[in-house]
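> Residue numbers (this note's numbering), protein chains in the order written: chain A, 1 to 154; chain B, 1001 to 1154; chain C, 2001 to 2154; chain D, 3001 to 3154; chain E, 4001 to 4154; chain F, 5001 to 5154; chain G, 6001 to 6154; chain H, 7001 to 7154.
Since the hints were made in silico from the structure, they are not lab data.
Hints are not guaranteed to be accurate.
[Claimed, not checked] Once the Cα atoms are required to be at most 20 Å apart in a straight line, the calculated PhoX-like pairs of lysine-lysine come out as: (1) D/K3020 <-> D/K3140; (2) E/K4012 <-> A/K140; (3) F/K5020 <-> F/K5004; (4) E/K4031 <-> A/K133; (5) E/K4012 <-> G/K6150; (6) C/K2035 <-> F/K5140; (7) F/K5133 <-> F/K5149; (8) A/K31 <-> A/K4; (9) C/K2133 <-> C/K2150; (10) B/K1150 <-> D/K3140; (11) D/K3035 <-> B/K1149; (12) F/K5150 <-> D/K3140; (13) D/K3149 <-> D/K3133; (14) C/K2140 <-> C/K2031; (15) B/K1031 <-> C/K2140; (16) A/K12 <-> C/K2149; (17) C/K2004 <-> A/K35; (18) F/K5004 <-> F/K5140; (19) C/K2004 <-> C/K2031; (20) F/K5150 <-> C/K2035.
[Unchecked claim] Chain G regions said to be covered by chain D (calculated; three or more residues, Cβ under 8 Å): (21) 6015-6028; (22) 6055-6063.
In this text, a Cβ means the ideal position worked out from N, Cα and C, and glycines have one as well.
8 protein chains.
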Amino acid sequence: MEPKVGVVTGSKSDLKVMEKCCEVLNQYGIKNELKVLSAHRTPDEATAFAVNARESGIDLIVAGAGMAAHLAGVVASRTTLPVIGVPLKSGDLGGMDALLSTVQMPPGIPVATVAVDGAKNAAHLAAQILSLKYPELEAKIMEQRNDMKKNVLS
Amino acid sequence: MEPKVGVVTGSKSDLKVMEKCCEVLNQYGIKNELKVLSAHRTPDEATAFAVNARESGIDLIVAGAGMAAHLAGVVASRTTLPVIGVPLKSGDLGGMDALLSTVQMPPGIPVATVAVDGAKNAAHLAAQILSLKYPELEAKIMEQRNDMKKNVLS
Amino acid sequence: MEPKVGVVTGSKSDLKVMEKCCEVLNQYGIKNELKVLSAHRTPDEATAFAVNARESGIDLIVAGAGMAAHLAGVVASRTTLPVIGVPLKSGDLGGMDALLSTVQMPPGIPVATVAVDGAKNAAHLAAQILSLKYPELEAKIMEQRNDMKKNVLS
Amino acid sequence: MEPKVGVVTGSKSDLKVMEKCCEVLNQYGIKNELKVLSAHRTPDEATAFAVNARESGIDLIVAGAGMAAHLAGVVASRTTLPVIGVPLKSGDLGGMDALLSTVQMPPGIPVATVAVDGAKNAAHLAAQILSLKYPELEAKIMEQRNDMKKNVLS
Amino acid sequence: MEPKVGVVTGSKSDLKVMEKCCEVLNQYGIKNELKVLSAHRTPDEATAFAVNARESGIDLIVAGAGMAAHLAGVVASRTTLPVIGVPLKSGDLGGMDALLSTVQMPPGIPVATVAVDGAKNAAHLAAQILSLKYPELEAKIMEQRNDMKKNVLS
Amino acid sequence: MEPKVGVVTGSKSDLKVMEKCCEVLNQYGIKNELKVLSAHRTPDEATAFAVNARESGIDLIVAGAGMAAHLAGVVASRTTLPVIGVPLKSGDLGGMDALLSTVQMPPGIPVATVAVDGAKNAAHLAAQILSLKYPELEAKIMEQRNDMKKNVLS
Amino acid sequence: MEPKVGVVTGSKSDLKVMEKCCEVLNQYGIKNELKVLSAHRTPDEATAFAVNARESGIDLIVAGAGMAAHLAGVVASRTTLPVIGVPLKSGDLGGMDALLSTVQMPPGIPVATVAVDGAKNAAHLAAQILSLKYPELEAKIMEQRNDMKKNVLS
Amino acid sequence: MEPKVGVVTGSKSDLKVMEKCCEVLNQYGIKNELKVLSAHRTPDEATAFAVNARESGIDLIVAGAGMAAHLAGVVASRTTLPVIGVPLKSGDLGGMDALLSTVQMPPGIPVATVAVDGAKNAAHLAAQILSLKYPELEAKIMEQRNDMKKNVLS
């Protein structure tokens, strides 16, 4: 059994930002797949992805979207897996629209939200969450933190 | 054939605001039904409502929701009927979260958004839209405008 | 009888954005004409346009404007046709000024507001609204949605 | 010849705030009349008021409105008299909607905007503007400033 | 081995809101303890809590704070456990200060942020995260979702 | 006797924007002089300018400033002439800081505020205000409006 | 020689908030006097206060003001003493206007800004600044911090 | 004994902005050292720096950070020296996140906040604060102000 993250994003134009999430997941040795799935343009596919995620071996979902960013919330409503939301800046409002659309979820269906365009942090958060189930990740997180520390102090 | 509007709202606590929409629809003589359907807590029911709306004789949907207000967008993604979104103030951010979550829809799936807590205006907008198909509504809109005018000038 | 949309914008500098609305309307086969009409600099012409819109065969008006974007509201006050407002980013405030000026209409005179710079979505919304009167549009909307879906999933 | 200010407000519910403007104008001995005129619900009357203002002896117009506050701009587009705009708080967004709708006027048709709910300051500004034509007002402004000063220092 | 959540909050005045988190955790049968620990007034104690959390059997930390809400970030910098941040409204800015201070974490040290005053959702999110390690929680989450659904539809 | 406007700006870096105000004033044939005077770095000179403005034949002052834009308010506190404030975008907050610092004046000392970077509109507003005293300006304003109208409609 | 702080506030209505600053200063044994001085309504007195502050034995100035809060900046422009600014909530914008008007000072004339309505923190900051000159204050700050710590942990 | 300022910044990418602070400190002849220390990635080092600052002869700390800018607050919680916070723009929200994270400190642990990206003003403020202990700085501040004044008036 190995950790696996499903990464989805609402638009092809967001792929470049979300690929940074996958790169960091790869550094942790966490299996991942990146898909474009729109809450609004492919609601059936987004729903199916979320409904089947647990069965297909996914432990956790990262969803990035811009503007009225509904993707993370829509996915979260269809799975009991933890969902990390990445608000993406697109358009003119600096990502504030995506941030509020992602983080202000109503009671019952939370989305674990990271910073605007925080694709990398979504991967770090995923690693921390997955370390509960896959304790071997803890050492990798410590290692990554030491690298960061060395980099800051150098 | 008569005009019919489906009014949905994301939470029982929003019923009071959205009932104002129904009252105005009633004044226009537009048939309507108000349902509580949450994009996040009852995604299947919300989807079914939207998918079946046209067949069940609904011409137009009004969806009110607060916070990360996904309801209008989720409904809009499942129907080709026009969807009017009413951002509702709930919580601490003055309704700005609901406004941006409702209006900033990505290309392809629009939501016709009215003001924060603008449940009445959703009904007026519905009447104007429905007047394209039901021309008898035009006279009622004119009448309502004259009443407003008299009220302002009195 | 065929569907017809009047598209107006407050400034020549906004033509480029609003032409995208006309392009999408053309894809739907919806007749349209784009005019520059300023609520403030040509109030008589803007009023005349709105007052005469229904008689000249227009079914629906799309109005795009930036800054203190009054155009959609001014037009809406002079017609019972549905009016879609497109807040345009111009100047330094990211379009938030145009968004609030367009969407926060007082009771009685609604404007169906789409996203900041959402000219394309104004056209999609117009198609959905017009499909009530011109049912042949429904198939075209479905087709466009299928194209979007294919594009996302490809 | 004596100074005269036309005070208009978009809704009866705003009368209480705008009456403070009239009270201050009265203290300056500036003739004034307060009317409810809505840019959206009584566009013809608002237009007629603005068009006829100069002929009816009005020197300056004060317009207060809330939400998507178009009244000052609509009036300003129909007269060459100076127009002072008072953004009024109404609804949930703290008056930011009315402020941006009033102050962010496009080039050519300015509105002299004061603070949110700044009805009193509109009157003080009116007195300063009118003092150019009616120099006797200058002494009254000085007197009012001395009173303020004494009040602060007491 | 049983799931355990450490709940910390920056001020006694926030206890009432954060107790709702503990109530929901209790409903899930998740062990929890609520402590007042300020990032600024008790930095040593907050650090010690975070450093020792894993050893003391804590699986996950929930941190609620208002204004310049640093608590979640400070705790996150000292542990590799997942940290959920709850921005609390306190003061005049509607909780926007706490939201941005909590969610906009720099790369490397993420905080899983929920809505302003979203103490209940922090508990739901905790349950979802903990279900990776404690699979028996999944059934309880499903049960809670069914209850919510029934409640919405009733 | 001829109309004269004093234009001041808080920084040399703002001269380029404020020169547009002078250009429009020149088109109206309104005498003007542009000075750099900082409320904070040259408080004595700014005060002296305001105190002596009326005596030196100035009818009206236009003050442009960015960030915590105090210049218009500081000048307004020292003269009974009308003061038009132009909030200037400089720095990272889109001019919102300058807008609020200029428009939100406390009771008693108003500043007639125009849009962010609205230097041209400050000149148009100045012309409208000065037309009360110099009626020959009215024809020029009408002419300018006709030019604008032709430009929009061409 | 003993430490002395001049506390000024722009309006009598703000006295209640600013008295909290004096109470905390008293706890530190720091001499202080609280005056109402308006940047706009009593500019001469505000200027005189700032110009004479150093000579009258004042070490540091705390200035609280609301709306377009110019008082701290105006005082800072007239003295080389450190000036702490307290943005006060008054009116409808949550204190954001006062915050930006106080903190966004242009290069050369800084204001040490604390939180909205942060009158107490202004006193704590004053004590820390004064401890450079009056080292005996350091022990009192430590004592106050210990009290805070005990209070949090109790 | 000579004045000494410790300047810290949360990320190498912020060094360029914060070096401007050191340049101005150098102009005042104030000894300073610039270090990269992250509140989140190097919490131990940031804590040690703050704890030891007074002993190592530092009189005052300037801390610059972006996004959820915790550095100034974290440092302030560990020292009784005055701490000046410089909110840095980084990312998409115009620095508003860093401003609120820095200025909205809770009661007891203040941060003297300057404008977004106000690194220079942090140095000017430092000089004013240090002039309490090192009176020879007053003349240099006066000199710098005279230079600024000449520069504005030239």
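> It remains to establish, for every hint, whether it holds in the given structure.
Here is how each hint holds up against the structure:
For the proposed pair D/K3020 and D/K3140, the alpha carbon gap of about 18 Å is at most 20 Å, so the pair holds. For the hint pairing E/K4012 with A/K140, the CA-to-CA distance comes to about 36 Å; that exceeds 20 Å, so the pair is violated. The hinted pair formed by F/K5020 and F/K5004 meets the criterion: a straight-line CA distance of about 16 Å does not exceed 20 Å. Annotation: proposed proximity of E/K4031 to A/K133 holds, straight-line Cα distance about 18 Å (limit 20 Å).
Among the hinted pairs, E/K4012 with G/K6150 is consistent with the structure: their alpha-carbon atoms are about 12 Å apart, no more than 20 Å. Distance restraint check for C/K2035 and F/K5140: the Cα-Cα separation of roughly 27 Å exceeds the 20 Å cut-off, and the hinted pair is therefore not satisfied. As the CA atoms of F/K5133 and F/K5149 are separated by approximately 26 Å, the hinted pair breaks the 20 Å bound. At most 20 Å may separate the alpha-carbon atoms for a hinted pair to count; A/K31 and A/K4 meet this at roughly 5 Å.
At roughly 28 Å between alpha-carbon atoms, C/K2133 and C/K2150 are farther apart than 20 Å, so this suggested pair is violated. Using a Cα cut-off of 20 Å, the hinted pair B/K1150 and D/K3140 is violated, with the two alpha carbons roughly 39 Å apart. Between D/K3035 and B/K1149 the CA atoms are separated by roughly 13 Å; this keeps the pair inside 20 Å, and the hint holds. Proximity of F/K5150 to D/K3140 is assessed by CA-CA distance (about 43 Å); at most 20 Å being required, the pair is judged violated.
Between the alpha carbons of D/K3149 and D/K3133 the distance comes to roughly 26 Å, so the proposed pair goes past 20 Å and is violated. Using a Cα cut-off of 20 Å, the hinted pair C/K2140 and C/K2031 holds, with the two alpha carbons roughly 14 Å apart. Restraint check for B/K1031 and C/K2140: not satisfied, since their Cα atoms lie roughly 28 Å apart, outside the 20 Å limit. At most 20 Å may separate the alpha-carbon atoms for a hinted pair to count; A/K12 and C/K2149 meet this at roughly 12 Å.
About 39 Å separates the Cα atoms of C/K2004 and A/K35, which puts this hinted pair outside 20 Å; it is violated. Simply put, F/K5004 and F/K5140 have alpha-carbon atoms about 16 Å apart, close enough for the 20 Å limit, and the pair holds. Distance restraint check for C/K2004 and C/K2031: the Cα-Cα separation of roughly 5 Å lies within the 20 Å cut-off, and the hinted pair is therefore satisfied. Distance hint between F/K5150 and C/K2035 is fulfilled; the C-alpha atoms sit about 14 Å from each other, no more than 20 Å.
Here the region 6015-6028 of chain G counts 0 residues with a CB under 8 Å from a CB of chain D, which misses the bar of 3, and the coverage is violated. Restraint check on the region 6055-6063 of chain G versus chain D: 0 residues with Cβ-Cβ distances below 8 Å, three needed, restraint violated.
Comparing the model with each earlier hint shows violations of hints 2, 6, 7, 9, 10, 12, 13, 15, 17, 21, 22; every other hint is respected.
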